[in-house]
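Visitor: In our numbering, the protein residues as written are 1 to 129.
Derived by calculation from the structure, the hints in this document are not laboratory data.
Hints are not guaranteed to be accurate.
As the list claims (entries may be wrong) - Lysine-lysine pairs mimicking DSS-like chemistry, simulated, CA-CA at most 27 Å apart:
hint	residue 1	residue 2
1	LYS55	LYS83
2	LYS48	LYS83
3	LYS55	LYS114
4	LYS83	LYS114
5	LYS56	LYS83
6	LYS48	LYS114
7	LYS56	LYS114
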Amino acid sequence: DRVYDLNFNGRDGAERVTYGDVFLQAEQEYSRHNFEFSDTAMLFEQFKMAEEACKKYLAAGWRDGGNRTEHLMALPAYDQCIKASHVFNLLDARGVISVTERQSYIMRVRELAKACGEAWVHTEAGGAA
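Throw the hints in and build the complete structure from the sequences for me.
Guide: Below is the structure:
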């Protein structure tokens with residue numbers, strides 16, 4: 001009934017490897033880092049940097065200079081959006097964001113994600129021809 005007991009490699013006996021064998025140490029170490037030792041001032045800066053990079057890639061990615069027919073950097077922009085979201089979650093879990101600030105951060109990440117989706121539908125894989 002614990003995720004760490006799940007059979008990770010499908011084998012039995014001495015050859016069996018559980019999810020915990022593979023991931024428990026990482027979970028413990030990253031939890032300690034994220035909840036006890038991470039530098040929250042640095043995390044705030046990382047959020048700002050990821051947000052700025054996402055916006056930069058979104059603006060620069062239009063092949064035609066902004067006529068919005070084909071986007072060439074939707075995925076790098078999305079990577080930065082995901083980084084911003086992850087950093088927000090770390091800050092939120094640490095309890096260093098007020099209720100009011102929390103709503104603002106959620107809106108900022110939402111706007112990035114929405115813009116990345118808009119860029120994606122203007123890529124070849126997203127349906128632009």
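Visitor: Next step is simple, just say for each hint if it's right about the structure.
Guide: Consistency of the hints with the structure:
| no. | hint | verdict |
| --- | --- | --- |
| 1 | LYS55 with LYS83 | 13 Å, holds |
| 2 | LYS48 with LYS83 | 10 Å, holds |
| 3 | LYS55 with LYS114 | 12 Å, holds |
| 4 | LYS83 with LYS114 | 15 Å, holds |
| 5 | LYS56 with LYS83 | 14 Å, holds |
| 6 | LYS48 with LYS114 | 18 Å, holds |
| 7 | LYS56 with LYS114 | 15 Å, holds |
Hint compliance for this structure: every hint is met.
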